[in-house]
Amino acid sequence: MAAANAPLAGAGAGVGRGAGGGRLRLRPWAPEYDGPGGGERPDASADVDVDGEVPASRWAPRRPVVAPERTVVFVDGVQRVDAFGELDDGDAVPMAMLFASVAAGAVRTGGDGERGGGSAGAGGLFAAGGPAGAVLVEPVLARVACAAADPGAVPPYAWRRCGPGAAALMEAVAGARHELEVGVAAAVATGDDLVVVDGPLRGHEHLRGTVGYVKRHEVSYLEPALEAVVAALAPGERTPLFALATRWNRWSWYARLPGASGLAWDAVVRGEAPAVLGLAEAAALADRATASLPAFASSPVKDPRAPQNLVPIGGLERLLRHRLGERELLERLLRRALG
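Numbering (numbering that gives the first Met the number 0), first residue to last: 0 to 338.
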């Protein structure tokens with residue numbers, strides 16, 4: 000892994016050659032117009048137990064009686080396709096490939112306000128204490144190139160092999176981003192602070208004080224009678240916990256943020272807690288998150304994903320995207336390297 004804008008070394012003129020002698024080249028279209036397709040949709044074959052905290056017959060909105068946390072740590076990552084390419088080794092259909100950049104980091108809100116930043120990491124995570132307990136976690140950056148075979152070194156990109164098909168390419172990029180996010184979360188989840196990971200909790204199940212924060216609802220996990228409880232939530236309220244098992248196990252709940260426009264599921268988010276927690280611990284963690292997150296809800300004036308895209312997460316995403324550097328510059332360097 001290398002920091003952003005690392006120079007391309009050893010790039011000769013002419014056509015790029017893979018390890019097996021294949022011709023490696025970039026596609027002429029910009030990445031935003033030449034995508035290989037979207038990622039996988041969420042697994043809808045879930046095993047849901049809604050009788051964990053209370054029986055389903057007693058489901059009703061719950062308002063936590065705990066005070067909001069003074070300190071909350073937010074973890075997020077970003078990914079970007081820098082260029083698409085293909086490896087032509089003489090087969091009828093060239094092998095699709097892509098070059099991508101991923102980054103992850105964290106920001107802690109607390110006594111002296113929101114803090115975040117630091118210089119780009121080069122294959123490592125760096126954390127340091129700051130005034131008033133603020134923690135700065137330097138973004139971890141990686142350049143990733145995905146293909147079914149290794150076509151040879153193209154610094155600063157590290158090759159990752161993946162399965163055939165366009166979806167496998169994007170899954171490999173998402174996997175690289177997720178690995179960075181897990182490393183960041185593990186580094187900051189060392190005390191009693193509430194840690195909020197943007198997205199599902201997969202890979203973070205061992206971090207007991209960590210909450211997964213899911214903004215989009217692409218799968219319905221509840222029956223219609225219980226979905227009505229979600230629709231009845233007021234800002235700062237949550238549903239009872241339910242146990243959720245797909246490819247991994249966790250506790251889950253729905254909560255509503257302030258800023259709803261009146262639609263039934265507007266401003267509703269879903270939280271996840273590690274399955275290793277007992278019911279009482281998971282409920283306490285859900286209460287801490289439900290009481291604390293409304294203060295960070297974003298405004299539609301500043302964020303089109305408001306209110307679900309929390310202010311610290313939005314700021315962290317902007318920082319990380321800035322640290323990725325200019326895609327156009329990377330693409331020019333790649334074209335120069337590959338000829």
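Take the hints with a grain of salt, since some may be wrong.
[Said to hold, decoys possible] Under the rule of at most 20 angstroms between Cα atoms (straight-line distance), these lysine to any residue pairs were calculated in the SDA-like manner:
hint	residue 1	residue 2
1	K214	R201
2	K214	T245
3	K214	D265
These are calculated hints, taken from the structure and not from any lab test.
Against the structure, the hints come out as follows:
no.: 1; hint: K214 <-> R201; result: holds (15 angstroms)
no.: 2; hint: K214 <-> T245; result: holds (18 angstroms)
no.: 3; hint: K214 <-> D265; result: holds (10 angstroms)
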